[in-house]
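Asker: Quick note, the sequences are listed as chains A and B, same order.
Following our numbering, the numbering of the first sequence begins with 1 at its first residue and continues without gaps.
Following our numbering, the numbering of the second sequence begins with 1 at its first residue and continues without gaps.
The reader is advised that the hints may include incorrect statements.
[As the list claims (entries may be wrong)] To give an idea of the chain A side of the interface with chain B (calculated C-beta under 7 Å), a few residues:
#1 Asp-173
#2 Val-174
#3 Glu-176
#4 Ala-177
#5 Gln-179
#6 Leu-180
#7 Asp-181
#8 Phe-182
#9 Pro-195
#10 Met-196
Honestly, the hints are just simulated from the structure, not real lab data.
Ideal placement from N, C-alpha and C gives every residue a C-beta, glycine not left out.
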Amino acid sequence: MVTKKQKRINWILVAVLLVLSIFFLFPVIWMLANSFKPDAAITADMNSIAAFIPPAPDGSFFDNYVQIITNTSFLRYMVNTLLYAAILIVLSIVVNGLAGYALAKIRFPFRDQWLMIIIMLLIVPTETVITIHFLIIAKAGLLNTIVGYILPLIVNPFNIFLFRQVFVSLPDDVYEAAQLDFCGPVKYFFTMVLPMSKTVVATVSVFTFLNVWNDYLWPSLVFTSSDLLTAQIGLNSITSNENTTMGQTLAVITLITIPVIIIYSLFSKQIVEGVTSTGSKEG
Amino acid sequence: MSFIEFKNVCKRYPGSDKNTVDNFTLDIEEKEFIAFVGPSGCGKSTTLRMIAGFEEITGGELYIDGKKMNEVAPRDRGISMVFQNYALYPHMTVEKNIGYGLKNMKMPSDQIKQKVDWAIKVLGLEEYRYRKPKNLSGGQRQRVALGRAIVKNSKVFLMDEPLSNLDAKLRVSMRTEISKLHRQIGATTIYVTHDQVEAMTMADRIVIMKDGVIQQVGRPMELYDHPVNQFVAGFIGSPQMNFFDVTVDNGTVRFSDGSTMTLSEGMLKKLNGRQGEMVLGIRGEDIKMDAQNMELNNENMQHAVITDTEVMGNENNLYFNFGGSQAVARVSKYEISQIGDRVNFVFMPSKMHFFDKETGVNYTEAV
Ligand SMILES: Nc1ncnc2c1ncn2[C@@H]1O[C@H](COP(=O)(O)OP(=O)(O)O)[C@@H](O)[C@H]1O
Ligand SMILES: [Mg+2]
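Chain B extracted, bound-state conformation (with noise of 0.2 Å):
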């Protein structure tokens, strides 16, 4: 058995006609960092707070080592939790803060100065641990926050967009802070954010959800080069997969604009005879312009003109139109274009993706 199972977890909230959360199935190993994430409004607070026991589970079953936990106050599931706005006691200094529930939990004050301490110097607080919250900037109080989860020897740590409230700059170096933290006490991590970054850098496994709903599970990298639908191509990588309508005939892709391509021979046994009107994703990144790729993959050659750049320095982003709509190319630094400038490109052939135009269903990721 895992350590956390979801069993058909549901969410109904009173007066609502249809489930927030449906069918939510899962097992989570112990000490595994995994990330909900999904769009605003998807249903992952709600999951997260269901295995908080914040919510009632309204259907299915959670199990927690082994416990079902359903039934369970929160106080009881040996959880801890990070919050979004910190959620910290305002009239206690750092160091109540991080120690309240030790000193709930009737622990001797010598133990609780020893792990308040250990988490004041794990944290870099030394300096503020008389302090009170008001008088923190926002990433201090989230490690105050982090400082009061990791003192508690809990089993699951859950954390709701932790970082959300922090500025860019801050919210990168509390990635690997938080990274490094999970390395070291190796609790079972749930992690919920809305920003596919924070999930693919941090979590061992990523679960995307979409109006109450798993669309896959994996990790980072499977999500990324083998997404099960357009839903999950498109949430994932940054810049977002370039998509196309198009239409699939004997081996030929046509796009609106009339360009043609001719698949590989991998590629045609991947959709296994599938015809007819399709979506074909690429990412950025397979769109090459170089010149070696360019001889491979001679016939199927492209052309367009550039519309607009994004120089980041060691890899840029050209845009341009092709087959009606708007791509975008991720070329290295030695193949950065000019606005106007017309470049030649192909497709890899085995980069592309085919998507079914109703169900977004990816053919080309046999499930």
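So here's chain A without its partners, still in its complex pose (with noise of 0.2 Å):
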């Protein structure tokens, strides 16, 4: 039973945080709103509550996003980014999660040392490695290729500890049993471990995918084709050309908030639980 005063507590904590939400809107709404205009008509408005209104839809109504998708590359740098995205999280949950299972349940020497190492790598910032992974890449010849661009990337201390956590705390009698069911260990891993740990392999995605997406450090290394480019390095040169218009620009930060925004209102359990619960939970 909730009591009259929970209640009244809670319609205040509603209203709070309608107010706060609000506030964080603010920019978004605007930015959205302003992606519809012409720069004569943002400028315009800029002063008034028109600011955040939509113009009515007309035929110019999409005119900004037109002009970028025609007049760019930005869907194709969306595109490539998506790629690499999916690449990579196929990739990290293959390869971090086999780390992770190794670490969690197979016996080998010094197999709580080479955990140890795992830990203390999650406090090395990626910005101190990243001219090492720049040379090696530069070095075998790979500047400029996907390859190049995914390699240093796969491998995650953090997303190893992460799937070790929860590996940790699988049976052994299902292993057991499923060898009885002439299920070998690595049919194990893909169709038993993974499936039976399906928050943490859609966390490891979700962090996955926005790495990837909000990088722009790496990227930018790797790539001078502009074939290859991801959407922020493609927002970057978009915005910063000076024929790129106010409503252009908006309209482009528009474009690349849209996949963040998707997988933040789908995941947001995931991303919760994985911010939340790596810490020592086994259970």
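Put the two chains together into one complex, using the hints given.
Answerer: Here it is in structure tokens:
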């Protein structure tokens, strides 16, 4: 039973959160509304409430978007990035998952020490190793290739640790039962372990996607060919081009935000769990 | 050659300085239902897991159907196993769980369906066919685990305390169900339990273990009536066999409280001239309070005051202090007494056991 008092507190909470979210949503609404306007209208509306209201839909409603899509390769960059993210999600799950499984379930010499090293790697910021990655990739002649871009991003100590924490609590007798059902270790990993650990698989997928989608530094180092560029770099080059209008800039930003919003709304549960439960929960 | 043969099988876990299972030698016949029973930690599961191939055999040899198994992978041993915690595949439905092994054996799907249908019917799982394990009760889960084992036509079933997570009532009914399944399917079954009642009610033969060593192997009533040592005598049967520290001297048993009994001819023969301090054991139902037995063994009649009773209806347990320890007699509903009642009783002369005080060996069972 919810008492009257609790009910009132709930209402107050809802009101506060609503105000807060409007506060955070203002820039987004502003961006969205103005992305449909020509620059003249944006400037004209700037100081009135109209800045938050999209123009009446007419023939020129989507002009900024059409311009971006037809005059730049931004759509292509988005597709590129989605492709890289997809490849990386699969590889991250397989590689980090297998590593996590080994650390959780397979007995081998110095296993605990390995785990310690991986945990220590968690505190190394990516920026410190990026030069080394760059040098290696350059030496290997993989600059400006998809392989060169993807290779250093596959292994991720955080994901290994995440997988390990979840796999440790998987019961051993299920593996034994599976063995008697003629399921070998590789098949067991892909058809039993991963499906039994859907949440962590989803969490790693979401984080991998967001990392790829939001990363600017690494793709800007690896890619020079405009065919292979990612959305973030595309965004940068489009917005820094002086021929790009204000409205077009806002349209590009809107476009690049869409996948992130979709992911967040679909997987908010996994994102919260990934952030909160990675500590030591073993249940 | 027997169907399953253990020849001096030993198990030593890495880092341990003694064998967890020691010199395990046993023959199991085809279609037999064998129970391994013993207190927790005595090595029952370890032995079972060596049969399955999940634990390495560190000494001796294991044969199944004439083939040496020591180095054979679990999947190639032709066994099915039912685990204590069910070990179902959580993301698969009941139907998929049961059929999974068959699918991996590349059996045609119509045959798989036929077998799964059969198992589901035998186990009464029709309603739950499309449910996932998390939506099943403990009993239903264990049925699914049984189903997974029986569809594969394995020659050997291994079960490790399959009923210990179920409530008492369900345990009893599942006991009957497993026995029935065994009769229907006829696979050689090795059943591990710490519960002697389960072993007694289900098994053709029981293997009693203690500290990794077989104490005795035999049919349930053999173990009950002819335990080879005090451990077996105490482990089998509920309430536990009564034990008294006694001195045997010239055909007379002297209890520590001074009571005496004269031994029968037959018992003296069994004791074969042994004298001195021993442990006398007698089962509750062999302590008689009824008039007829009393008359027959008049000269050995003893007295005591009932200190506690356990009334079950058909049979009742009477507790009293005698011979320096607490004793329990099992009496029929016609001999029921109240707490505080003074009762006369006799020990059935031929049902006494005498155990060595040090080794626990049963002198009255010539071995
Ligand atoms: N993997 C293991 N490593 C070391 N010791 C073990 C292992 N598994 C079991 N043991 C020990 O072996 C003994 C027998 O265990 P177990 O076979 O499980 O007994 P039971 O099933 O009869 O209760 C116990 O003392 C247990 O602690
Ligand atoms: Mg056990």
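Asker: Does Asp-173/A pass the interface hint, meaning its C-beta sits closer than 7 Å to a C-beta of chain B?
Answerer: Interface hint status for Asp-173/A: holds (4 Å vs cutoff 7 Å).
Asker: Should the interface hint for Met-196/A be scored as holding, given a Cβ-Cβ cut-off of 7 Å against chain B?
Answerer: Because about 6 Å separates Met-196/A from the closest Cβ in chain B, which is inside the 7 Å limit, the hint holds.
Asker: Holds or violated: Glu-176/A as interface residue toward chain B, Cβ cutoff 7 Å?
Answerer: holds (6 Å)
Asker: Quick check on the hint: Phe-182/A CB to chain B CB, less than 7 Å?
Answerer: For Phe-182/A, the interface hint holds, since the closest Cβ of chain B sits about 4 Å away, which is under 7 Å.
Asker: Return the status of the interface hint for Val-174/A: holds when the least beta-carbon distance to chain B is below 7 Å, violated otherwise.
Answerer: holds (5 Å)
Asker: Less than 7 Å between beta-carbons is the criterion; does Pro-195/A satisfy it with respect to chain B?
Answerer: It holds, given that the least Cβ distance between Pro-195/A and chain B is near 4 Å, below 7 Å.
Asker: Against chain B, with CB atoms and a cut of 7 Å, does the hint on Ala-177/A hold up?
Answerer: holds (4 Å)
Asker: Does Leu-180/A hold up as a contact with chain B if the rule is Cβ-Cβ below 7 Å?
Answerer: This interface hint holds because 6 Å falls under the 7 Å limit.
Asker: Does the closest beta carbon of chain B sit nearer than 7 Å to the beta carbon of Asp-181/A?
Answerer: Interface hint status for Asp-181/A: holds (4 Å vs cutoff 7 Å).
Asker: Given Gln-179/A as an interface hint, is the shortest Cβ-Cβ distance to chain B below 7 Å?
Answerer: Constraint on Gln-179/A satisfied, holds at 5 Å.
Against the hints set out earlier in the document, no violation occurs for any number.
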